[in-house]
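Visitor: Residues per chain, in single letters:
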Amino acid sequence: MLFQPVILWTDALVFLLLVALAGVVVYVRRHEHLRQPWRRVAHSATGMAGAVVLAFFVLVGVLDSLHYRARAGGDSSRGNVYAVEITSVLDALLRSLKERPEKTYSAPLGYQLYARETVELPDGRQSREYPRLRHGGAHLKAPQDEWRPDVGRRALAGAAIGFVLWVVAATLVSAHIARATGEGIDRAWRALARGELDMPWRAILATLGALLVLVCVAAALAGKYHVLGTSKVGEDVLYQALKSVRIALVIGTLTTLVMLPFAILLGIGAGYFKGWADDIIQYLYTTLNSIPAVLLIAAAVLMMQVYIDTRPQAFPTSVERADLRLLFLCAILGVTSWTGLCRLLRGETLKIRELDYIQAAQAFGVSHLRIITRHILPNVMHIVLIAVVMEFSSLVLAEAVLSYVGVGVDPSMISFGTMINAARLEMARDPMVWWSLASAFGFMFALVLSANLFADAVRDAFDPRVAVIKPFRLRLAALAAAKAPA
Amino acid sequence: MSEPLLEIDRLSTWIDTGDHPVRAVDGLSLELRAGETFALLGESGCGKSITALSVMRLLPDAGRVVDGRIVLGGVDLLQLPETEMRAVRGARIGMIFQEPMLSLNPVLTVGAQILEVLERHTSLSTRQAQSKARELLDSVGVPDAPRRLHEFPFQLSGGLRQRVMIAMALACEPELLIADEPTTALDVTIQAQVLELLHDLQRSRGMAMLLITHDLGVVAETAHRVGVMYAGQIVETAPCTAFFADPQHPYSRKLFASLPARQKRGGALSVIGGNVPSLAQVFEGCRFAERCDHAQAPCRVIVPALTRTDGGRSVRCHLYTAVLGDRSAALTPVASSAEQAPAAGRANDPTSSPGPGAILEVSDLRVHFPIHRGLLRRVVGYVRAVDGVTLAIAPGRTLALVGESGCGKTTVGKGVLRLVPPTGGEVVFDGVDLGELSAPALRARRRDMQIVFQDPYSSLNPRMRVSEILDEGMSALGVGSTAGERARRIDALLREVGLDPAAKSRYPHEFSGGQRQRIAIARALAVEPRLIVCDEPTSALDVSVQAQILNLLLDLQRRHAIAYLFITHNMGVVEYLAHEVAVMYLGRIVEQGSVHDVFSAPKHPYTRALLSAVPVPDPHTKREVLKLGGDLPSAVSPPPGCHFNPRCPRAFEPCAVTYPAERALGPLHRVRCHLYDDVFPGRPIAPSDDIAERA
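Respectively, the protein sequence lines represent chains A and B.
Under our numbering, the first residue of the first sequence carries the number 1, and numbering increases by one thereafter.
Under our numbering, the first residue of the second sequence carries the number 1001, and numbering increases by one thereafter.
Simulated from the structure, these hints should not be mistaken for laboratory data.
We put the CB at the ideal spot given by N, CA and C, even for glycine.
Take the hints with a grain of salt, since some may be wrong.
Listed below are several chain B residues computed to face chain A (Cβ distance under 8 Å; list not exhaustive) [as the list claims (entries may be wrong)]: (1) Leu-1419; (2) Ser-1459; (3) Asn-1461; (4) Arg-1523.
Model the full assembly from the supplied sequences, consistent with the hints where possible.
Guide: Take a look at the structure:
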């Protein structure tokens, strides 16, 4: 074996989530009333554009969740010996980024360090100048003249590759449409370009094109430069940002996983049983809501840290320790954030339980559990779904805030929060070190924006209160036809 | 003849729904003169409300007038800019909406809302406007107007709210009043008050009124001319009396034939087969041809025009043009519904006494809901929704429970089924007191008693297929041992209620209201009950669909000997279908007996008022409406003595002191009224039977 797979706690949960997601997709496909709103989501141009970007982030996150230990050394006589270090597939793909540390800060696409250093000249004199980077732009002989054309050429080449990939993707899509509609591929292509299809393929392909070009340009430049500069310890910022994506996704998804059972069970229970059950649950969430969440989280995370620190043998590697702390953070965030959804579900259940079909079920002597699972839960699922997709982005942001405060993820773990925390002091430097912060900001913005756009589309499709109001768009031909007989 | 005030010419209003526009109104023309009431009659979805909204230019965003003219006093409303249209709304056209709860702003006082209209359209000073508002409230019969001006809508009852709405609509003395189902949400006694008010106001002010309704009775009471709408078009217009004497269009005739009434007892109601066609298509031929008994080949190809016939009438039917060869159907005026010969009596004749063993005996049933107040939720009082109800139903018979909304009739049904826990009294089903049963024993008993609800839209879980809905009760109560057996039973059930067994794999939203009610009935039937509580099962349905459901219910009763506890406020349905009737007022039964006894010779003053308030679809009937003042009192603090005494025209001293005991007037006929108590020698003479004779 070339490697030994390692499944961390969060990895296991992420995979579980993916399997559950696949199961839900299969289930939805079989049920027409569930498929219909998803079809509306698929027909929303902004929603699908958001989904494309989101899919890219998910891909990065999943690649980063495939952890393993590589085989150490070439000595095969002693059987398989694996490295202590746990790496992920993403680490392997980004090895060129990871293993080219600089000394300290350097600007994006730079070829010299950001700070002046005293160097000894060959003639023995000393001078203060900007030293060349060890890796970034190291291939340039005369950087002042060559830098600009070199960057331009590489970027152009990357863009070209991206464009070619996009053309391939677009051709595949139009071939698919052509086969589905039974028309020629050029007609399908034309319909696609004019945006005449039900599915917003034009928006999807446009987003995909922009994404492909960006990724390819970055990849082309990353071979010889630090595209987003380097951090204080000389680590590539692009690598840091990509590694942060997994943390953000894990926090956003696993927290909802922790939160859902509380919210659904207690919310529906309070609404359905009313009386003292309702009173207790209401008091519970009102009380929980009044405790400052940051304090609660800080206390819980610090306790967890003490627990981990006193048991070093249970968590041999730093990656495992950090992972456990991340999982615990998800759990505590989940425990503090179920109240909003719980309140919504309680209200909706109070409404639904008075509907006639619940009474009809009661007249049949159907048990409470069955009424809740068969009648109430399916009818509040749209609220759960809307809440989950809306919550996702706020949790991603919450992680950044908590890590910034210092009670978030393990400091050794790269996340948007730790990136911002590290870059915070450098904002005061002159000239400013802006790229760490800007990169974290840009990635987080893209992630949250795409999640929000997608969430909006989901809400529009599922929320019965959002009336489908369309502007009157009768075609001129139809109008003429109406007037003709008059 | 004077110039028409409102002239609608070939109005076409379309609604964009995505793929195809819905032609909600398609070439509608009508004329309305000052001082005239034109009733636009039609079933739901035929475009009558869209017509009204087109006139007001208040269409929803997806709707647009694509063709036609709407001329009000020489001005084409469709050509006006929006700013000028705003001056027309409220000032020249007033509108009354159906739902008085939703049409008044709950956070503004009544006075503020009326003043807003006056300030917008007149140049009165605030003081003048306030006195004008007081006058308006007085004129619509709101008692104690100066105080009401400062009250909020929630402090007013439904009838008063509708009066306030009318006062607002009349604030600027409009030339035209559009009333969109003004009384549909109100009880019959309140409806009678509001209809009379509208009638008086219109006569005294010389307004034109466009009345939109689905109720033939309301039309007969108020309208001068009638336009029957079907699928976006007017199919018949006629003066009101001529229309009721001899409806000409086959659709109008069918509407009359499908009205339940006493004369039709024993026979099946005539139904209109099929459904209203989708309006998202271009029609070739007559829109009604698919459902018409007299349709011939040309009807499906040639679009009929609105043809003038004699007596100022027009009808859109080939029977009245030269297109058809055989026009005999048109030439013989149909006997109006009232003259139809009664069909052969049912096996269980209504006047016969019930069988010996009653299947359900309810004695002194009480359902009180506690009112909690304060931090510790102390009980400060009770809503006495049901306060001592005694009734019995024999197998295979129907007991109708009638009364106004809020009188507790639905709670009786739910108390009988133990869907709400009764506070006191006994419910004995088949010799077993349900109150004594343990939870599992009660569960087993649930097989015998089922319920059909009013609203077919909220009574079926939208997330379950029809087969799952029908299977639920069977699997919960252990009907049918295997899944295969239950599946076969589902097919049989669907056939029994007149649906295709293929419907079982579909979801409720794919069905129309009537079809949904059939599914709800099939769900109740699935466990082979012996008693079904029907809680207003047809009041959310159109007349023609109501006829189908009533036929189905009667047919099922005949085949399976099911007893019905039929809760309704529709007296026509009661007369058509019930064997016995019990009249409820504020949680108690005030009079019960066979349908014949109660309807031919009502004894209790409330029963008499209730029956006389029902509008009759025959303009020749000069019935005397016994007016009831005020509204139903609160069930939290019912009036002392007889609950009805504050509204009773014949109340005398003991009425305010003691609640009357039950008096038997015949084998089945019982009444609770001091007028029939021998212990009061000085009581007024009980009303004679002829006043409210309706048969």
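Visitor: Each of the hints needs a verdict: does it hold here or not?
Guide: Going down the list of hints, with the structure as the test:
no.	hint	verdict
1	Leu-1419	holds (5 Å)
2	Ser-1459	holds (4 Å)
3	Asn-1461	holds (5 Å)
4	Arg-1523	holds (7 Å)
Violated hints: none; the structure is consistent with every hint.
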